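Quick mapping for you: the protein sequence lines, in order, are chains A and B. The first sequence begins at 1 in UniProt numbering and counts up by one. The second sequence begins at 1 in UniProt numbering and counts up by one.
In short, the hints are calculated from the structure, not lab data. Keep in mind that a hint or two might mislead.
[Claimed, not checked] Chain B residues, not near chain A, derived (Cβ > 10 Å throughout):
(1) Gly273
(2) Ile416
(3) Ala489
(4) Pro496
[What the hints assert, rightly or not] Among the chain A residues that face chain B by a calculated CB cut under 8 Å, a handful are:
(5) Leu5
(6) Leu9
(7) Leu44
Keep in mind that this is a model prediction, so the values were computed, not measured. C-beta: ideal position from N, C-alpha, C; glycine also.
The lines below spell out each chain.
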Amino acid sequence: MSASLVLILLMAVLYAGGVYLLLGRSMTRMLLGFLLVGNATNLLILIIAGPAGLAPIVADGVEPSEMHDPLPEALILTAIVITFGVSAFLLALIYRSWRIARADVVTSDEADVAVGGADSSIDDEESSEAEDGSGEDTEFEGRAEAKTS
Amino acid sequence: MNALMNSLIPLVVLLPLIGAAGALVAGRRPKLQVTFSITVLSLVVLTSAVLVYLTDQTGGHAVTVGGWSAPFGIVLVVDRLSALMLLISSIVLLCVLVFSVGQGMADGDRETPVSIYHPSYLILAAGVFNAFIAGDLFNLYVSFEILLVASYVLLTLGGTQARIKAGITYIIVSLVSSMLFLASIAMIYGATGTVNIAQLSVRLGELPADIQLVLQIMLLVAFGIKAAVFPLSFWLPDSYPTAPAPVTAVFAGLLTKVGVYAIIRTETVLFPGNTLQTVLLVVALLTLVIGILGAVAQSDIKRMLSFTLVSHIGYMIFGIAIGTVAGMGATIYYVIHHITVQTTLFLATGLVERQGGTTALNRLGGLLKASPVIAVLFFIPALNLGGIPPFSGFIGKLGLFEAGAQTPSPLIWVLIGAGALTSLLTLYALMRAWSLAFWRPKREAHEEESPALDRIEEAPEETSAVQETKASPRIMIGATVAMVTVSVALTVFAGPLYSMATRAAETLESPADYISLVFPEGGVS
């Protein structure tokens, strides 16, 4: 099976960028990372399907060997729909989190910090930053509406 | 017989989906909605019970959806393992639904907005059932997504800050695992040209050994995240405890077990031969020991239970790693036991939270006097999980150790030792929780330090805030009593159940049986 090198490179770049973004603490970055990783996986399925062929419609004069395998496309479509639904839900969560806490970052778990003792100074800094609303990861302006609602 | 099976198997998924649609339409009429969901899940329990009986007679059945024969169409396969999992999960889902209905009636819609809760819950059920009967890998992926998306909604119900924080962690971790799973499906399809599990069972064996190993590890990592196996388990104790009590109960009981079920399928049908035994044994050892040490350090009952959940997944991985019929049979019995008992404990904790106003051990006290019923309802599953004879936890662990001792190796002896130690530490953690929350007089909880609390840090303010205490309605207690009864029934009927689990394991150990279900005429290549 031969595969397009350009597609493989694109997939690698998408995976790398996606994983890098997913590792951040900002929710918006995680969403973007998820979108990149999702698209990279779709590309992987496309690459697996092999080089392009004729449309898989039974007609006179078309040999099955010339047709393109339709199953990977079906898999990709399903995966795209799922990714779309989950991103919509994530966006809703991010918006909700912004309204409530003015924070776009995920803070450390309090119970973990309590059990872990003094090792958590770094996390505390980040979470207190988020509580002031002056976190650098938060790029929105304006006041949270949660205090009023 | 086959016609009956053909119509019964899709019903298991169809009924909850129709129920979800109905519950969504009836969103403004809570009573109608509740009747609808409970009826639907009761029907599923009946269907699964019939399926268990029929599959035990015939060995199983495969439905070709839409009449497209395998490997071109989607197949739904029910063998003994699937049928058992369907039955136990439908019973657990029904009991928890009744519990949450009781909670909803008592508290109104504040904690669990009913109009969204019921449809999401039924879709979660449909996803879980679909995962158990999926006959091809992509269908398994889709069922994972169905149950995960429903679980995202359930985990973030109400949208409070704590739940959104826990939800984000859970969602991102689940998404990563789903993407890994999808990527492995893509690679498996590229290597073999099929996603049908029965056909893969033949074709994967023909691949070079190193490619097989890569594919197997990718699948195991994806399922390992879902099952919360040790190095991949850190998300679980952070995300489960914040959800409403019934949601946590059903997540703890079922969702991780769907991962374990997928691991069982991977290790038997897809990649028979137990090539990764050493790796699985080491992972099981670490899961057991590190999980339970985490549980001992916790000061909150819900978090403590989440850590015991992680720890006990180790027993199941241990059983899978032994790889014999005895080991697999014990694993199946243990999975059934653990689904029931872990759910019961979380439901009982939900009752404790209502009665005591908190689940922080340093503030609870005097509950035995206040509510002896809850004390008993927590005590029985606690002993059961800790492996005290004659309960099912003891039978399951004994079965695992026996199976391990039949194929002795130094590492397996270490694991048997670690398993016994974990059992004792589970008992220690649960009994300490019980005696602090129930036995300790109420005033001591406010005044003096108990020696048992020395090792526990003060619980963080946010989680230990004492809420108002509320009486528990009969319907909630009734649902918990039903779950305790089911868990005791696992002991009473241990004989037939264990022999059925062993028969299920025999089917698993010979992939030819599974293949002949999907391709009755043979000719698979």
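Hints and how they fare:
Under the 10 Å C-beta cut-off, the non-interface status given to glycine 273 (chain B) relative to chain A holds; the minimum distance is some 25 Å. Distance check for isoleucine 416 (chain B) against chain A: the nearest CB is about 29 Å away, which clears 10 Å, and the non-interface claim stands. For alanine 489 (chain B), the condition that its CB be more than 10 Å from all CB atoms of chain A holds, with the nearest at approximately 35 Å. No Cβ of chain A approaches the Cβ of proline 496 (chain B) within 10 Å, the least distance being about 40 Å, so the stated non-interface status holds.
Checking leucine 5 (chain A) against chain B by beta carbon gives a least distance of about 16 Å; that is not within 8 Å, so the hint is violated. Contact between leucine 9 (chain A) and chain B, as hinted, is not supported at the beta carbon level, the nearest pair being about 17 Å apart and thus beyond 8 Å. Proximity of leucine 44 (chain A) to chain B holds as hinted, the smallest CB-CB distance being about 5 Å (cut-off 8 Å).
In the structure shown, a violation is registered for the earlier hints numbered 5 and 6, in ascending order.
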